[in-house]
Amino acid sequence: MSERVPVLRIGDVLLVSIQVDLDDQTVLNLQEDLAQQIVDQGARGVVIDITAVEIVDSFVGRMLATIAAISRMLDAETVVVGMRPAVAITLVELGLSLGGVRTALNLEKGLALLRRSGRSERT
Amino acid sequence: MTQQDAFPGMVKLLTADGQELATGWVDRVAGSLKGRISRNELDRELTELYTALVEALRDGVADAHADGMSEVRALLTELSRNRARQGFSPTETAISVFALKHVLEPVLQDGSDQDIRAYLRLGRLLDDLGLFTIETYSRTREEIISSQADQLLELSTPVIKLWDGVIAVPLVGTLDSARTQVVMEKLLQALVDTGSEQAIIDITGVPAVDTQVAQHLLKTIVAARLMGAECTVSGIRPQIAQTIVALGIEFGDIVTKASLADALRLALKKSGVEITRGGGVGR
Amino acid sequence: MNVPWAADDEPQTQPVVMNDDVVRVRQFARGLSQRCKLSLVDQTKFITAASELARNTLVYGGGGSCTAGLVRGRGRLGVAAVFEDFGPGIPDIELAMTDGWTSGGGLGLGLSGARRLVDEFALDTEAGRGTKVTVIKWAR
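Sequence lines, in order, name chains A, B and C.
Heads up: the first sequence is residues 1 to 123, going by this note's numbering.
Heads up: the second sequence is residues 1 to 283, going by this note's numbering.
Heads up: the third sequence is residues 1 to 140, going by this note's numbering.
Chain A extracted, bound-state conformation (with noise of 0.2 Å):
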């Protein structure tokens, strides 16, 4: 039984925060529902809140480089923010550079980056 992560929508923005702590089939879920949704919705930017989340290990890690890859082969970018420090050096430390993926510190940061790039509708 694998639960799934909930996708917002605000404007042409996808967001997705979160909250608990992942199983691998949940992570898969996930990427699946957020490539359909960036289709369906005609999404430009995707943001992932991972402030709660305490562990990011390859699994995890992989999932964010290739929804990040997949949302741009559809003409979406992807940001992901909210990363702890201490999840940080643990990546690092993993050897995961998370090469593709953009990021920002906190959500409000990652909705003007967003911007920023021409993405979003409020330029």
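What the hints contain is simulated information worked out from the structure, not anything from laboratory work.
Predicted model only: the values in this text are computed from it and were never measured.
C-beta atoms are modelled at their ideal positions from N, C-alpha and C, and glycine is treated no differently.
You may find that some hints are simply not true.
As the list claims (entries may be wrong) - To spell it out: a stretch of chain A is covered by chain C in this simulated footprint if at least three of its residues, at any positions, have a beta carbon under 8 Å from a beta carbon of chain C; those stretches are: (1) 16–29; (2) 42–48; (3) 87–99.
Given chain A, work out where chains B and C should sit, using these hints.
Okay, now just chains B and C, sitting in the frame of chain A:
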């Protein structure tokens, strides 16, 4: 003679001329401490210790580490900790216990066989208790040293806000791996707390770095990037640049600037702040 | 590697046979590392390592178990976790420990990455007999 028979003997030894013994004991200890602890204070400490020791022996306990000796150990712990904090030497601490052996020595000259056996048994106990004070003393000293090291670390690694959205850590002194790690964690946390997207690590005051320290710096910069912030390293001395290159550490696309001022200028530019010279002269 | 389990704290064993178990191992590792008073960064590193190894046990070992608890050594407290499976084992350890090498569809960072996240790491494996990975993180 069995172990048990020694107890009345030991108690007798200690209590036979109680007051005189206690005074002699305090005298000896006071002499060695050269008045750096008041006689009243010493009198109180040793009387308590004496009472607890006799009590334990009356109960048939002569093992320094037994439960029945816990009161004695508690008193000795307090004594040793105080001495360590007040800057006394280990000898000056342990003398409080060993002096009692000295004071009891006359027994050896004209005591009965039983007295002598009791003295030897008591001597063994006092040796153990003496060692216990030294252990406690050095443990206290270690605690003091480690808390001072922590304080020093805390003092020597400030994260300062230079501008809205720009923070800096000026590093001064030799960096070891542990310190670098602490600084770096503090820096990353400060990025979150202040919402700063620009960080400057200034190493003007760092005389040298080794591979590990350079690696930690590098990892922090990558970690900051993962969090959505940018780091600039400023003030790299020529020797350090040589080390980094010689060690083959890939500094890759990390932005470096000669001085903190240059780094600040870059950080401000990146955060969209424009600097113009004032002074009323129009351009 | 002989694990110096703390005498006053029995290690506990958890099955690692389903997807959910990986999450459970993480929570288990979190509880332990908090009890051991690891720093926040060290907690995160240990839990992440446990997560990687649990997934390895599940995906490559075909399921197994995780035994974890507090350890004591040289006057320090630490946390240890032992992951055991009876799967195909690892024929070439050196290759398996290389960054980016994978026999499955992963990133190939599980073993090599987990090793960098902990203080002590031991890999015991034999082709056809299974794999046992032991990791320890000491409190500073």
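Results for each hint:
1. 16–29: With 5 residues closer than 8 Å to chain C, the region 16–29 of chain A meets the three-residue bar; holds.
2. 42–48: violated (count 0)
3. 87–99: holds (count 7)
When the structure is compared with the earlier hints, a violation turns up for hint 2 alone.
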